[in-house]
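S.K.: Heads up: the sequence shown runs through residues 52 to 239, numbered per our numbering.
Just so you know, the hints here were simulated from the structure itself, not pulled from any lab data. Yeah, the Cβ is synthetic: ideal placement off N, Cα and C, and Gly gets one too. Don't take each hint at face value.
As the list claims (entries may be wrong) - Here are the simulated DSBU-like pairs of lysine-lysine, each with C-alpha atoms no more than 35 angstroms apart in a straight line: (1) 98 / 159; (2) 159 / 171; (3) 159 / 97.
To be verified - Restraint-style ranges between C-beta atoms, simulated for each label pair: (4) 73 / 184: 28 to 34 angstroms; (5) 184 / 100: 19 to 25 angstroms; (6) 148 / 98: 31 to 37 angstroms.
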Amino acid sequence: LLKSKDGQPQPAASFIWESRAPRRVQFFMWLLSQRRIQCRVNLLRKKVLDSAVCEVCSSDVETSEHVVFGCHFAKEFWEKLGFSLPVDCSALFDDLSSFQRPSHIPGKHFSTFIALCCWKLWKRRNGVVFRSENTTIQNTLETQARLCHAIVGVEPLIMYPLYSANGHMGIDICLGPYLIFYVVVSDR
Numbered sequence: 052l053l054k055s056k057d058g059q060p061q062p063a064a065s066f067i068w069e070s071r072a073p074r075r076v077q078f079f080m081w082l083l084s085q086r087r088i089q090c091r092v093n094l095l096r097k098k099v100l101d102s103a104v105c106e107v108c109s110s111d112v113e114t115s116e117h118v119v120f121g122c123h124f125a126k127e128f129w130e131k132l133g134f135s136l137p138v139d140c141s142a143l144f145d146d147l148s149s150f151q152r153p154s155h156i157p158g159k160h161f162s163t164f165i166a167l168c169c170w171k172l173w174k175r176r177n178g179v180v181f182r183s184e185n186t187t188i189q190n191t192l193e194t195q196a197r198l199c200h201a202i203v204g205v206e207p208l209i210m211y212p213l214y215s216a217n218g219h220m221g222i223d224i225c226l227g228p229y230l231i232f233y234v235v236v237s238d239r
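When you get a sec, could you build the whole thing from the sequences and use the hints?
M.R.: Shown next as structure tokens:
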């Protein structure tokens, strides 16, 4: 399904279609990799909207890249998961398999994990835009952990509340024996 005019498969094809993500998430990832999700830039191009400015951050135009990598909430989301995003994330869209996996995230279901993270950011964006939801980073990360657990099926999902010596409260979220991420939630 992801072939160019000359019949050569795109690098993102196996990363998307061989993941264990639900089909609707795989299709979303295909649209995302083609920059075809219904972000404000695409809706402006179709003359559905008058402005392409992101409704979540109001600081930049809302492109596909902006929704999942550029918006301040998305940047914080990836940072909390331990990812270091490049300054120019457009290369990630050309080859999603080039996404650098942090060492604390298991490689077995990495493509599924990335797909579910992008899906969660899209769903969170839609909640803000259409339902005026104000979901915190903590809630987003916790629901993301539950979603990954449900899709990948690794038992058990463990969330350990931790207090550090400097007064920060955080959560270790584990799938099976793997520490998926540590999130600093708040100061005491």
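S.K.: Now look at each hint and say whether the structure bears it out.
M.R.: Each hint, compared with the structure:
For the suggested pair residue 98 and residue 159, the alpha carbons sit about 42 angstroms apart, so the restraint of at most 35 angstroms is broken. Between residue 159 and residue 171, the direct Cα distance comes to roughly 20 angstroms. Compliance with the 35 angstroms bound is thereby established for this hinted pair. For the hint linking residue 159 to residue 97, the alpha-carbon distance of about 40 angstroms lies beyond 35 angstroms, and the restraint is violated. Range check, residue 73 to residue 184: Cβ separation about 22 angstroms, and the 28 to 34 angstroms hint is violated.
Checking the proposed 19 to 25 angstroms range against residue 184 and residue 100 shows it holds: the Cβ atoms sit about 20 angstroms from each other. One distance hint, 31 to 37 angstroms for the beta-carbon pair residue 148 and residue 98, holds here, with the actual separation near 35 angstroms.
The structure fails to meet hints 1, 3, 4 from the earlier list, while all remaining hints are met.
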